[in-house]
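Asks: All chains, please: the whole structure from these sequences, using the hints.
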Amino acid sequence: MRSGLVLMICVGASAAVSQAVGQSGAITWQNPVQAGSAFSIQTSGSGQATLFIVGPGQVLKRSVQMGEPVSFDSGSLCHAGRYLVVLSQGSNEETKTLDVAPVSTAARLSFLARPSRLPVSLHDEITGAAYVFDTYGNLITSPMTVSFQLTNPSGTVQKDDVVTRDGAAWVEMDSTPHQGIDHFAARVGGVGSERIVRQVPGDPCALKMSAQQAGKNLELKTEPVVDCSGNPVLDGTIVTFTETYDGAQSSADVPLKHGIAEVALPAHPGATVSVASGVVLGNQIHWE
Amino acid sequence: MNRGGWLAAFLILATVALVAIGTIWPAPSVLAYAGGERLLESSSTPEAAVRNLGQEIRAQEWDKAYSSLANKSQFTEQEFVHDVTGYYESLRTYSSLDRFDVRPLHASDNDAEVQFTLDWSTVVGTLPDSRTLHLVRNGDRWEVDWPMGEKPIVPPQVIPVEYLRWDVINRGPGDDWGVQDVDTPSVRIVDMHPVQRAEGVVVLGELLNEDVVPAYVSVTATLRGKDQLPIATKAAFDKISHLLLPKQVTPFLIEFPDISLSQVSSIRMKPFSTLVSASADPVIAIDNEQINPAPGASLAGQLINQSGQVVNVAHVLGTLYDKSGNLVWVVDKYVDRALLPQTPVSFNIPIPEDLARNVSSQRTVIATYSFGGAL
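Just so you know, the sequences run in chain order A and B. Note that the first sequence ends on residue 288 in the numbering used here; no numbers are left out. Note that the second sequence ends on residue 1375 in the numbering used here; no numbers are left out.
Derived by calculation from the structure, the hints in this document are not laboratory data. Just so we're clear, the structure is a prediction, and the values are computed from it rather than from any experiment. Backbone N, C-alpha and C fix where the C-beta goes; we use that ideal spot for every residue, glycine too. Heads up, a few of these hints could be off.
[Said to hold, decoys possible] Examples of chain B residues lying across from chain A (beta carbon under 7 Å, computed):
id : residue
1  : L1164
2  : V1182
3  : D1183
4  : L1208
5  : V1212
6  : L1245
7  : A1280
8  : A1285
9  : I1286
10 : E1289
Replies: Right, here's the structure in full:
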């Protein structure tokens, strides 16, 4: 009973050691190999053999003298992933797997920020996702902390530190009540990336116009058009003026310029003039 | 000679014979299109004189058409050509006369009136032009008193325009993965309404650009049957304003001929938008717009170009609503004349008679295209 227990411990220890130093047999190495680093494979036995390392998009071939180590220079294996190591000696063949792990230092960050443009005062509508890569472009799957920061021109800063999971970290942030160009940055270690998120005004709020007669025309002009947070609505936004009289109407779609829209429509006594922008209605004027 | 040889010889001889027959005795219409005169007849009646004028206009024989007019001393040949084809580049400039119709109104011994309807073939379809012609007898011939339209004259002036324009820079092919592109404009269908017509199902609606940037837009509708399988898919083609400025609304109309609404269990609408470089100008005002009741129901008004730029092509899209504000129909028409600054140009778009009585109000949008030239 006692000898059986010792045997089990020995077998378990042997398996653990085998896992740590590659696999038992004619070829062994320190597993995993870090991408881009030099490494060697130890062989045992005697005679000549051929060693193949087959991996994602890459094949290495070496003639080896069994019993001597096979050295690989740094940069031999750069792509992280699982490789197949095949030792061929005459009719004998031994096959094992070799894992190449990413370098644990971040060298590049891919940062996806969405959307590029959104209205002000929205909750959790700005999303950022960061993917951390090593110097060889391998996704670093070990946990790393990515710092996200969204800065508004008004000085508002939103920050969040997120630990990557399987190489990715993501965050959701709010748009502020102030329009402007936000700088959305992600940083890990000494590497960073920045995107632009444009916070734009919402729909016009309390759209109001005035009318003034100028000769045969009625000059219609809005007050500076702002959204419900007080942000000036962007130039180019269409404002529709409609003048209704005697079963007929005159109308014009006018773009905002310098924050106001103005147009001259023929003056018709008794006309009712209304203003709208998109689905937002403004005031009405009854022209006597 | 074997059978193949005989057949080849027969085909050659037959071809030569047909070419000879076509050359010696050409069809009158072919000759007319080729610039011949055989289709012209004696101008011994008012109708014949107008038909001759129509043939000459169709063949673009302007000198002959001009010289046949009774009142040619009042204008030059160049002015006559411009009156017919437009003084500025427009749809009419690039059109050809497809066919014409002559309808006598009244006649006496020395003068007559004839309704002269010309159907101009353009890239957007046939555009009719109707004129009432006065004719006078000159000996044994009738001659047309050409009704010259008023030549649009814009007084010399400076019209200040604050030019507002959007340009788009998209991500390039060399950019790294993850580099952010600019989002497509956010558009929303704010109304949709299927209608059964005699010709099939028609899907009407309105599309709003709720973004702050201009959008090139389209709408696709897919009709699904009782089994939820698609029956037909179509996109709005020309009954939509494809360029929408921020907060602008366009109507759309999609026709599904030969499909009955009873076959349809659901309709899937898919708006499409993409960023596009655009200008906020020109502004086109619509004046004196009204709905003329049936019979001859129509949406009529005048377009006034409020900018300093010549608008070469204008597309009028009218959205018609009932008393409750529900969408009833969408009508459209291209204006075949250029819009000069501050110069009203009339439009008149027929409304289907059976729908006209339901129409209570309307909203009109104008899609424009300019070749880029100034006055």
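Asks: Determine for every hint whether it applies to the structure shown.
Replies: Comparing the hints with the structure gives:
no.	hint	result
1	L1164	holds, 5 Å
2	V1182	holds, 5 Å
3	D1183	holds, 5 Å
4	L1208	holds, 6 Å
5	V1212	holds, 5 Å
6	L1245	holds, 5 Å
7	A1280	holds, 4 Å
8	A1285	holds, 4 Å
9	I1286	holds, 5 Å
10	E1289	holds, 5 Å
When each numbered hint is compared with the structure, no violation occurs for any of them.
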